[in-house]
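The chain contents come next:
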Amino acid sequence: MTSSPPDSPDRPGAADTLTGGPRRRRAPGSGGSRGAPLPLLLPALVGLAFLVLPLVALLVRAPWRSMPDLLTSSEVWQALRLSLVCATAATAVSLVIGVPLAWLLARVEFPGRGVVRALVTLPLVLPPVVGGVALLMALGRNGVVGQWLDAWFGITLPFTTAGVVVAEAFVAMPFLVISVEGTLRAADPRYEEAATTLGASRFTAFRRVTLPLIAPGVAAGAVLAWARALGEFGATITFAGNFPGRTQTMPLAVYLALQSDPEAAIALSLVLLAVSVAVLAGLRDRWMTAS
Amino acid sequence: MTRTARRNRRMSQVIGVSAAALLALSACSSSDSGSAGASDASASGSAPDGISGEVTVFAAASLKESFTALGEQFEKKNPGTKVTFSFGGSDALAASITGGAPADVFASASPKTMKIVTDAGGASGAPATFVRNQLEIATLPGNPDKVASLKDLTAADLKVVLCDKAVPCGAAAQKALDASRLKLTPVSYEEDVKAALNKVVLKEADAAVVYQTDVKAAGDKVEGVKFPESADAVNDYPIALLKESKNTDAARAFIALVQSAQGQKVLGAAGFLNP
Numbered sequence: 001m002t003s004s005p006p007d008s009p010d011r012p013g014a015a016d017t018l019t020g021g022p023r024r025r026r027a028p029g030s031g032g033s034r035g036a037p038l039p040l041l042l043p044a045l046v047g048l049a050f051l052v053l054p055l056v057a058l059l060v061r062a063p064w065r066s067m068p069d070l071l072t073s074s075e076v077w078q079a080l081r082l083s084l085v086c087a088t089a090a091t092a093v094s095l096v097i098g099v100p101l102a103w104l105l106a107r108v109e110f111p112g113r114g115v116v117r118a119l120v121t122l123p124l125v126l127p128p129v130v131g132g133v134a135l136l137m138a139l140g141r142n143g144v145v146g147q148w149l150d151a152w153f154g155i156t157l158p159f160t161t162a163g164v165v166v167a168e169a170f171v172a173m174p175f176l177v178i179s180v181e182g183t184l185r186a187a188d189p190r191y192e193e194a195a196t197t198l199g200a201s202r203f204t205a206f207r208r209v210t211l212p213l214i215a216p217g218v219a220a221g222a223v224l225a226w227a228r229a230l231g232e233f234g235a236t237i238t239f240a241g242n243f244p245g246r247t248q249t250m251p252l253a254v255y256l257a258l259q260s261d262p263e264a265a266i267a268l269s270l271v272l273l274a275v276s277v278a279v280l281a282g283l284r285d286r287w288m289t290a291s
Numbered sequence: 001m002t003r004t005a006r007r008n009r010r011m012s013q014v015i016g017v018s019a020a021a022l023l024a025l026s027a028c029s030s031s032d033s034g035s036a037g038a039s040d041a042s043a044s045g046s047a048p049d050g051i052s053g054e055v056t057v058f059a060a061a062s063l064k065e066s067f068t069a070l071g072e073q074f075e076k077k078n079p080g081t082k083v084t085f086s087f088g089g090s091d092a093l094a095a096s097i098t099g100g101a102p103a104d105v106f107a108s109a110s111p112k113t114m115k116i117v118t119d120a121g122g123a124s125g126a127p128a129t130f131v132r133n134q135l136e137i138a139t140l141p142g143n144p145d146k147v148a149s150l151k152d153l154t155a156a157d158l159k160v161v162l163c164d165k166a167v168p169c170g171a172a173a174q175k176a177l178d179a180s181r182l183k184l185t186p187v188s189y190e191e192d193v194k195a196a197l198n199k200v201v202l203k204e205a206d207a208a209v210v211y212q213t214d215v216k217a218a219g220d221k222v223e224g225v226k227f228p229e230s231a232d233a234v235n236d237y238p239i240a241l242l243k244e245s246k247n248t249d250a251a252r253a254f255i256a257l258v259q260s261a262q263g264q265k266v267l268g269a270a271g272f273l274n275p
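The listed protein sequences correspond, in order, to chains C and A. Note that the first sequence covers residues 1 to 291 in full-length UniProt numbering. Note that the second sequence covers residues 1 to 275 in full-length UniProt numbering.
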């Protein structure tokens, strides 16, 4: 994430090439092939096919005839609702604690900041199943912290819906933190400095100046975190188990259905796919492309 | 095209980088189901009786300890061979075999999951039952909840995990519960028998319905409670040579070892019943 100095001159030509501005409009037809050299175009098309083909295959092999029966079962809706609720809750948790964490990493100089940043991104590279085991060790009934939660408050997280939210937040929050921190570093800190010079407290400056400034980055991070949480499988099945209606989210339902009834698994996958495409597309138009 | 434009550009960079990371991660999560490790090509050479090369065995999770031991015996007896295992839920293994996973031998924990493979024409010859396995309750060490019967598991405050109904141990548990007209609501349906057992080993659950062999394999980490209803749900374990096998001689030799007196001794020591 490169951050240009705040007083660098704007490059007016850049926007034109990005949006295919007036220059291209002058030469329609031939402009497309001349603009994309073959060594770039070929791998680009291979890349596109690679990403799209499996999804197309899913559509081709979908059991369209038995689809209505498969999709009207209450178990599907139960799993879908649980997935949406848990992913949204995990995103909310990530926003509440992740945005301040990103601010801390971007704006406050403290010793060991690089180490902290590395620790924050660790769940990104950790296999989710390992994340689930780690969560059991920390928050399980017998865990380092979990045993006190159980003894003092009677709270046990494994096998509960709250456990699903915890597992998803653990895996998804780093996406939000990284994305927000990047936006913060790119944002001009002098606005905040001006606000504090004019008498605002640092928290007020954050709330009234910084937050509106980085809103698109926060939205983008939240969408990524939500998408990651929605598809989360490994940490969830390890930490929260698998029980219909309580901890069986769509990815778990798909995985278990795949073994006994592949057709049902394809149908479930398509539902999840449709929902995520709808939500992501909706959010994109609403918040992420508006300037 | 001033600050806003630049901010949008940065934002798209942010999205780009994070999206790349997202992709990398989802790739990780899909390999969770656990597959066999990379094959070792260095172990090639010829044995006196002509058996050599690699044998890939897909086996039910409950066979892990005894088959690992048998695999070592096989390699020792036939220098130049290498046995690679993939242990997991029988249904998951059956699905990957019909999906084209390269395996020579399939040993499943139920005739039903073996039928998935034979129906798809994946087996070469008829499967043979080589052992049987009976269910047992695994409780925390010392049995602090005083579980003495299958009925005790239905107590409301007890956290019980079962195998998912798609997995043989889950199907068998359901059969035993149905036969004794008990209604048990577990806290989780686990994806295979070892996952169910480990929830008790980690003390996250109070009890699990697993195989006798799993209780034995866990040693003193769990305490086993036998229950008479398990006689209604004894699982037959079939083994079969697979059609896609690239090394049928070695694969046949491994199946022969499993069925031999020596193999049955190892399996019997692990708690399996003779067929």
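Everything labelled a hint here was simulated from the structure, so no lab data went into it. Be aware that one or more of the hints could be misleading.
[Unchecked claim] With the Cβ distance kept under 10 Å, some of the chain C side facing chain A (calculated, not the full set): (1) 46; (2) 242; (3) 256.
[Stated by the list, open to error] Interface residues of chain A toward chain C, partial, derived using beta-carbon atoms under 7 Å: (4) 73; (5) 77; (6) 91.
Glycine included, every Cβ here is placed at the ideal spot set by N, Cα and C.
*Which of the numbered hints above does this structure break?*
1, 4, 5
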